[in-house]
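Visitor: Please work from the sequences and hints to get the whole structure.
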Amino acid sequence: MKILSPLSKTAEVKPLAVAGADEFYCGIVTVEWEKRFSFIASSNLRHDRVANFSSFDQLAEATKIASSLKKPVFCAFNAHFYSEKQMPLTLKQISQAIDAGISKVIVSDISLISLLKEQNIGIDIALSTANPAFNSESLAFFKEQGLQRIVLPRHLTVEEIAGLAPSAKALNLELEAFALNALCPFIDGLCTFQHVGKDPNFVSAQELACRMPFEVETISSQPKQKQLSAKSKACLWQNTLPDACGLCALPSFQKAGIHSLKIAGRGNSTEKKLADVKMLKQALSILSLPQKEFVQEMHRLFFKSFYQTCSSSKCYYPGEGLA
Amino acid sequence: MEKAIHIQSISQLGSLAPGFSRVYFGSETCERLMPMPDELKQAKSFCAQNNLAFSLVTPFCTDAGIAKLKHLLPILSGEDELIANDFGALRLAKQHDIQLVAGRLLNKQARDPRIPSFKHSNELLEYLSQSQASSPQFLKILSSLGVKRVELDNLLQGIGTDLGGTGFAASLYTPLVFVAATRMCLLANAGKISASKEVGILPCNQECSQFQFKLTNPCFPKSLLLTGNAVFFENEGIPDEKELLARGINRLVANKTLSRPEKNQHD
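Chains as they are written, first to last, in our numbering: chain A, 1 to 323; chain B, 1 to 267.
FYI, nobody ran anything at the bench for these hints, they're computed from the structure.
One thing to keep in mind: the hints can contain errors.
[What the hints assert, rightly or not] 27 Å max Cα-Cα, derived DSS-like pairs, lysine-lysine:
id: 1; chain 1: A; residue 1: Lys198; chain 2: B; residue 2: Lys222
id: 2; chain 1: B; residue 1: Lys256; chain 2: A; residue 2: Lys231
id: 3; chain 1: B; residue 1: Lys94; chain 2: A; residue 2: Lys117
id: 4; chain 1: A; residue 1: Lys35; chain 2: A; residue 2: Lys70
id: 5; chain 1: B; residue 1: Lys214; chain 2: A; residue 2: Lys314
id: 6; chain 1: A; residue 1: Lys35; chain 2: B; residue 2: Lys119
id: 7; chain 1: B; residue 1: Lys222; chain 2: A; residue 2: Lys143
id: 8; chain 1: A; residue 1: Lys143; chain 2: B; residue 2: Lys94
id: 9; chain 1: A; residue 1: Lys224; chain 2: B; residue 2: Lys256
id: 10; chain 1: B; residue 1: Lys94; chain 2: A; residue 2: Lys226
id: 11; chain 1: B; residue 1: Lys197; chain 2: A; residue 2: Lys292
id: 12; chain 1: A; residue 1: Lys198; chain 2: B; residue 2: Lys94
id: 13; chain 1: A; residue 1: Lys224; chain 2: B; residue 2: Lys197
id: 14; chain 1: B; residue 1: Lys197; chain 2: A; residue 2: Lys304
id: 15; chain 1: A; residue 1: Lys226; chain 2: B; residue 2: Lys68
id: 16; chain 1: A; residue 1: Lys117; chain 2: A; residue 2: Lys2
id: 17; chain 1: B; residue 1: Lys70; chain 2: A; residue 2: Lys85
Guide: See the structure below:
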């Protein structure tokens, strides 16, 4: 299984590749795009400068280094949808990204996918998790649209992913699954909260609607004690950080034939990205351990890397490792 | 203007308010709430007896939901609609002789109630008011699936989608605007003290029929409603009917009661 690392700076390519990254993904929001549409309508799902390249020259430099290391770079144009006015600029920018050396474009908007297919762009198209494919019929539908890879939704169990794998194999589709960071409380493609903050340079997790503190009023005719307990659960995501891990699922992913393991966090610091790649690399190096021992090692690794113990709100695939 | 009412449980059939000519039946967001075949037959029969047109609403589905849908589709026929919120469901339903509709979860819109308070240029506001159905390419794809109607939310920043002259019609949901959905449902096992810190894709006892939550934060101009595995807010204002008809919006869907009043026994 390949390690897919986030990338937002040219200088990150070499150290991340040396640490073990096999593939990179990135985004780009140019000055032109920002001027016309701002980060409110970002051209991809990251709404701040820190997570994005800002010019195709930067992107070309990054792909040149990656190419010299034989590592492909993918670029996300995965806004939920683009308007008729945005579409020509989006198509132009994808063409510029291809010229800059990317080898896959990650797309969500089905209209854009269809236009790219019509234009025969010459590189693979991956379906972003922002257009969730939860079932085998959807895999077949998206294959018919001309896709080569599916980034699976975060909100699937390992059993459900394993269930989709044979269909993907029959359709000759690569599957990519989340392995680290950014466990969204809501389904990416079905969440329309805007990821905006006070500073367009960096949107912090605490500014996201899903993690904000809300005053919660319970509407129920259930006994008071039950209502209190339910209310406590309804507040569960408030003021939390998106740290998350899915490493206990790696043996099941290997068995299912998952092609690529995604590390979320384009906006993270280079140090954090490096630590994540090393963590995943270490996990993959001991995949042959017996399941129980592997899970124990992953719990240790999580504690060492995230400075906290495993819990369900930090776990992508609770059935795999949590007691 | 056609008036439809959206319900999720057969127990709601008996207390339908007057003034509607169509019933939307089913959940948009949770496959665990999909009806059993007998319930679907019962709902259809009620509508036929009361001269009401019928639309089955289905959620985004895992393979388990698709398996359920396979048992429901043969019950639908002719003028019955399937309002699908999943491309896989549409692909499957295409083989059946029924009317296909792209649900509002498939028709992407910028729904965050904070949008009107953001600073934006006219060009940005135009984008934020539109929907994916504003794209001819999207309509072309839907056409290839046999879809002729799309569903829309009543955005606080205004409705920019214009389907006039496209051959497509649209429905507008009111007053509950969809904002987000999850499979890590916070309502699953809500009320059990032992489960108050547990989250994930967990088995549930459909506690969504017992609890709803109103969420308030000064950043949001409207309270949010957490009901089941989805978040909504209320927009009571409805644009002028003539204006809607000119945009191809010829159906209003009343969805005030999206919570289910009692627990389903199956699943």
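Visitor: It remains to establish, for every hint, whether it holds in the given structure.
Guide: Status of the hints after comparison with the structure:
1. Our distance criterion of 27 Å between C-alpha atoms is met by Lys198(A) and Lys222(B), whose separation comes to about 20 Å.
2. Using a Cα cut-off of 27 Å, the hinted pair Lys256(B) and Lys231(A) holds, with the two alpha carbons roughly 22 Å apart.
3. For the hint pairing Lys94(B) with Lys117(A), the CA-to-CA distance comes to about 22 Å; that is within 27 Å, so the pair holds.
4. Proposed proximity of Lys35(A) and Lys70(A) is contradicted: the alpha carbons are some 35 Å apart, above 27 Å.
5. The suggested pairing of Lys214(B) with Lys314(A) holds, with an alpha-carbon distance near 25 Å, which does not exceed 27 Å.
6. For the proposed pair Lys35(A) and Lys119(B), the alpha carbon gap of about 13 Å is at most 27 Å, so the pair holds.
7. For the proposed pair Lys222(B) and Lys143(A), the alpha carbon gap of about 40 Å is over 27 Å, so the pair is violated.
8. This hinted pair checks out: Lys143(A) and Lys94(B) have alpha carbons roughly 17 Å apart, not beyond 27 Å.
9. Using a Cα cut-off of 27 Å, the hinted pair Lys224(A) and Lys256(B) holds, with the two alpha carbons roughly 26 Å apart.
10. Of the supplied pair hints, the one linking Lys94(B) and Lys226(A) is violated, its CA atoms being roughly 44 Å apart against a limit of 27 Å.
11. For the hint pairing Lys197(B) with Lys292(A), the CA-to-CA distance comes to about 24 Å; that is within 27 Å, so the pair holds.
12. Between Lys198(A) and Lys94(B), the direct Cα distance comes to roughly 46 Å. Violation of the 27 Å bound is thereby established for this hinted pair.
13. Distance restraint check for Lys224(A) and Lys197(B): the Cα-Cα separation of roughly 18 Å lies within the 27 Å cut-off, and the hinted pair is therefore satisfied.
14. Distance restraint check for Lys197(B) and Lys304(A): the Cα-Cα separation of roughly 23 Å lies within the 27 Å cut-off, and the hinted pair is therefore satisfied.
15. For the given pair, Lys226(A) sits about 32 Å from Lys68(B) by alpha-carbon distance, which is inconsistent with the 27 Å threshold.
16. Proposed proximity of Lys117(A) and Lys2(A) is supported: the alpha carbons are some 26 Å apart, at most 27 Å.
17. The hinted pair formed by Lys70(B) and Lys85(A) fails the criterion: a straight-line CA distance of about 39 Å is larger than 27 Å.
In summary, the numbered hints that this structure violates are 4, 7, 10, 12, 15, 17.
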